[in-house]
Amino acid sequence: MRFPVPLIVAIIALPLSACGDGNKGVGNEGATTSQADSSARRVLAPCAACHTFNEGGGRRAGPNLHAIIGRTAGTHPGFTYSDAMKESGIVWTPETLDAFIANPHKLIPRSRMAYPGEPDAARRKAMIEALGDGAE
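Sequence positions in the sequence shown follow mature numbering (1 follows the signal peptide of the UniProt record, and there is no 0) and run -18 to -1, 1 to 118.
If you're looking for bench data, these hints aren't it; they were derived computationally from the structure. Treat the numbers as computed from the prediction; the structure is a model and nothing was measured. Think of the CB as a built atom: it goes at the ideal place given N, C-alpha and C, for glycine as much as any other residue. Don't take each hint at face value.
Subject to a maximum C-alpha distance of 35 Å in a straight line, what follows is the list of computed DSBU-like cross-link-like pairs (lysine-lysine) [said to hold, decoys possible]: (1) K107 <-> K68; (2) K107 <-> K88; (3) K88 <-> K68.
So the derived label-pair ranges between C-beta atoms look like this [claimed, not checked]: (4) P76 <-> S20: 14 to 24 Å; (5) A103 <-> P59: 15 to 25 Å; (6) S20 <-> K68: 31 to 41 Å; (7) D65 <-> D115: 30 to 40 Å; (8) A104 <-> I51: 15 to 25 Å; (9) P91 <-> S20: 27 to 37 Å.
I would like the entire structure built from these sequences, with the hints used as guidance.
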């Protein structure tokens, strides 16, 4: 029996979504760089199954997400996007990222994004903050 790649990725990524930061919604004020990096890695663990976050990082099943805020969806060089993503015209802001992370296929129907979405607003906020910090 063959399983479609997005289904396999979702099956792998879903358990990782439980690896969130136990201090969800708590900022990193006063944290050392290594503590902040460790926190970002925990918060972004569900994304790391398919994405990289460091500047110049390669791609996996999804594109590199370094400096995503301000980028137009479907434009990162070297990644083959779905037509739906390329044609969406979305510019990634904290608000559009929040809507996408909550329910990728509601914001961009026909997207190839395998992630089912994160219903917890505090976790989404932490993810977006980590992405905004560069998620190195």
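Now for the hints, and whether the structure bears them out:
As the CA atoms of K107 and K68 are separated by approximately 25 Å, the hinted pair is consistent with the 35 Å bound. Restraint check for K107 and K88: the C-alpha separation of about 18 Å stays at or below 35 Å, so the hint holds. Taking the CA atoms of K88 and K68, the gap is near 16 Å; set against the 35 Å cutoff, the hint holds. Against the hinted window of 14 to 24 Å, the Cβ-Cβ separation of P76 and S20 comes to about 22 Å, which satisfies the hint.
At about 32 Å, the beta-carbon gap between A103 and P59 misses the expected band of 15 to 25 Å. Take S20 and K68: their Cβ atoms lie about 34 Å apart, and the range 31 to 41 Å holds. In this structure, D65 and D115 meet the distance hint of 30 to 40 Å, their C-beta atoms being roughly 31 Å apart. Judged by the Cβ atoms, the range 15 to 25 Å given for A104 and I51 holds: they are separated by roughly 19 Å.
For the pair P91 and S20, the beta carbons lie near 36 Å from each other, so the given range of 27 to 37 Å is met.
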